[in-house]
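Student: Listed here are the chains, written in short residue letters.
There are 2 protein chains.
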Amino acid sequence: MAQQHLDPTAGPVAGDALAAYLRAQATEFLRALRQHRETGGAAAVNGSKEAVDAARSLRRSARRISGTLHTFRPLLDEGWSEAMRPELAWLSGTLAREHAYGARQERLLAALHRLSGSAAFPSQASSEVRAEKGQLTVGAAKAGALLERQLTLARTRAHSAALQALGSSRFHAVADNVAVLASEVPLTAAATTAATTATATASAGLKPLAAAAEDRLCDAVTGLPLVTAGHPYNSEALVHGLSADTAPQPQDAPWHQVRLLLRLHRYAREVLFGDEVRLDVRLLNAGKALDRHRDAAEAAAAAASAARTPRIAPATAYALGVLHADQRHEVEAARFTFQRAWMRETVGTP
Amino acid sequence: MAQQHLDPTAGPVAGDALAAYLRAQATEFLRALRQHRETGGAAAVNGSKEAVDAARSLRRSARRISGTLHTFRPLLDEGWSEAMRPELAWLSGTLAREHAYGARQERLLAALHRLSGSAAFPSQASSEVRAEKGQLTVGAAKAGALLERQLTLARTRAHSAALQALGSSRFHAVADNVAVLASEVPLTAAATTAATTATATASAGLKPLAAAAEDRLCDAVTGLPLVTAGHPYNSEALVHGLSADTAPQPQDAPWHQVRLLLRLHRYAREVLFGDEVRLDVRLLNAGKALDRHRDAAEAAAAAASAARTPRIAPATAYALGVLHADQRHEVEAARFTFQRAWMRETVGTP
Chain A
10 MAQQHLDPTA GPVAGDALAA YLRAQATEFL RALRQHRETG GAAAVNGSKE
60 AVDAARSLRR SARRISGTLH TFRPLLDEGW SEAMRPELAW LSGTLAREHA
110 YGARQERLLA ALHRLSGSAA FPSQASSEVR AEKGQLTVGA AKAGALLERQ
160 LTLARTRAHS AALQALGSSR FHAVADNVAV LASEVPLTAA ATTAATTATA
210 TASAGLKPLA AAAEDRLCDA VTGLPLVTAG HPYNSEALVH GLSADTAPQP
260 QDAPWHQVRL LLRLHRYARE VLFGDEVRLD VRLLNAGKAL DRHRDAAEAA
310 AAAASAARTP RIAPATAYAL GVLHADQRHE VEAARFTFQR AWMRETVGTP
Chain B
10 MAQQHLDPTA GPVAGDALAA YLRAQATEFL RALRQHRETG GAAAVNGSKE
60 AVDAARSLRR SARRISGTLH TFRPLLDEGW SEAMRPELAW LSGTLAREHA
110 YGARQERLLA ALHRLSGSAA FPSQASSEVR AEKGQLTVGA AKAGALLERQ
160 LTLARTRAHS AALQALGSSR FHAVADNVAV LASEVPLTAA ATTAATTATA
210 TASAGLKPLA AAAEDRLCDA VTGLPLVTAG HPYNSEALVH GLSADTAPQP
260 QDAPWHQVRL LLRLHRYARE VLFGDEVRLD VRLLNAGKAL DRHRDAAEAA
310 AAAASAARTP RIAPATAYAL GVLHADQRHE VEAARFTFQR AWMRETVGTP
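One line per chain: the protein sequences are A and B, in this order. Going by our numbering, the first sequence runs without a break in its numbering and finishes at 359. Going by our numbering, the second sequence runs without a break in its numbering and finishes at 359.
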């Protein structure tokens, strides 16, 4: 971290800050990997807190390395980084799945309790215990049990897949490459030239590349239906709530895309400013809203999917319908929140 | 109408404006009744436009007479008006039911189409025709057919009940009383004394009684959870979306009560200002929001009730669950709209 520069334009070489950031993330990746192995990530679905933390750190640094390789690719050895990115995406995707199923289950069961007017949510209690308390209707209790069964199964499978991935030769190749990164970042010649001395290399400097990432984000946001989203209760998110199409809602895709671009922008800022990166409340709130958007959209899809289980009781299907609509309204609410966060700060800082 | 006074405080007798208003409403009631009989209100559920208009006019004037008897009761013969009010309420309630079932059916089928991403809504086409167009899923089409069946049955029964009521001796007694009102309003001695000449009668004047009706409205609004309602996407309306209780949601009751008090306030203004009554946009918007609140709440209850039909398919139940949640969100949206309408004008006119 000693090689970071607070102002990269004043600094000598564009590649220095980039190399320092990638080295730090690679080191963090290797540390998390060690921790994951030591704390028995292999144990069970409900792993220890340490194992969960280690898996999160692994995902976190894998995403940052991958995003940074993407945003600053002109400064890095092309063949090397182009080969590495899909492998990192595979890894973080595989690791993320287990976490996502767990979070989705928690979100849906909490929503079922909220919709039953029951504030208490004993997350570890079995659905039988909850039903006995008379807090849930038969339909809600059965829907909860069905979702718990389906998502626990999916989570267990994702856990096995993650363990298998971490033991695979494919993963070891990734880990080897990250180890290389921790010691020697493969910069291009342009990156190792002082950015301020040559016009030719200036375009390949950190700042223009980070600015390009921000531009891609802003362009994508411009394409969002923000006027509609800013109008409360626009009923847009549930417009295909009963359509025959079982595929993910196409209206969600541009929002998911903005979520990814926002993340790349955030990582680029981390590269630029290092440890001195300011907390940008706008980015934070906008990002949180888009996370909520994604989570609610996937939870809604899970409820709809559970409702297609053969031979379920009508009361179960009814509860799943209410749950689906509720989560689609969460999607709408998240878009509203994003719109507010994004517009307010744009006005505030002209 | 010649006896109306534009400013009742400056006018000679409090009872004059009141008597003129009641006479006008009674005349309108008798005219609508004649029209209803002539245009064959007895014909069918889908009566002619004239029959529908006549029934609406009947309800409209019955509500106004009843509300006015209530608000200005110190100015009217107590025994007479206390005997008449429940009869008018019975009549307008009986007449309203047929209309309500029709409107509810239309609202729910339109929502099913909206939720299926189908903009077109052929209100007269059978559900088979709509399903053939491939616009609705099997579940949505079946839910629509079930609701259509149940609400058409309810509407037909309400229509018969209304016809039976209009032919009953109970109704003839009401009509006789309204005919009396059209020629001679039974005012008390206080009402026929000049309001401005005696302090004792001033309290029984039109203005204080109308102000008391407005106070009751404002007090009731103060009791509403307006802070929550003004916060978009508060998820409050669906909080009992899956509770076992099949009774109407208790959280709706204070809003329904405000709706009735708002109506009484509006009628009192009509009495005070006669034909010169200003259009109050605030009251108009607030009233519309509360009408929508009531309609959506009842539509949500109808969807939930249909879902309890024995032996329905899970896909039907699922669609009804989505529909129920959608209508409860309409309830929430209506509360938001009411809050905005009410607060904006309060701030605007201090």
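These are calculated hints, taken from the structure and not from any lab test. A hint or two may mislead.
Same chains, same names: a pair is fine if it fits in one copy or spans any two.
Only pairs whose alpha carbons sit at most 25 Å apart, straight line, appear in this in silico SDA-like list of lysine to any residue [to be verified]:
1) K58 - R225
2) K151 - I321
3) K58 - R301
4) K216 - A229
5) K151 - D228
6) K216 - G126
7) K151 - G176
8) K151 - R287
9) K151 - A105
10) K58 - W89
11) K216 - P319
12) K151 - D185
13) K151 - R225
14) K151 - A322
15) K151 - R317
16) K297 - S244
17) K216 - R291
18) K151 - T318
19) K216 - R94
20) K297 - W89
21) K151 - E245
22) K297 - D284
Student: Can you list which hints this structure breaks, lowest number first?
Tutor: 1, 5, 6, 7, 8, 9, 10, 11, 12, 13, 20
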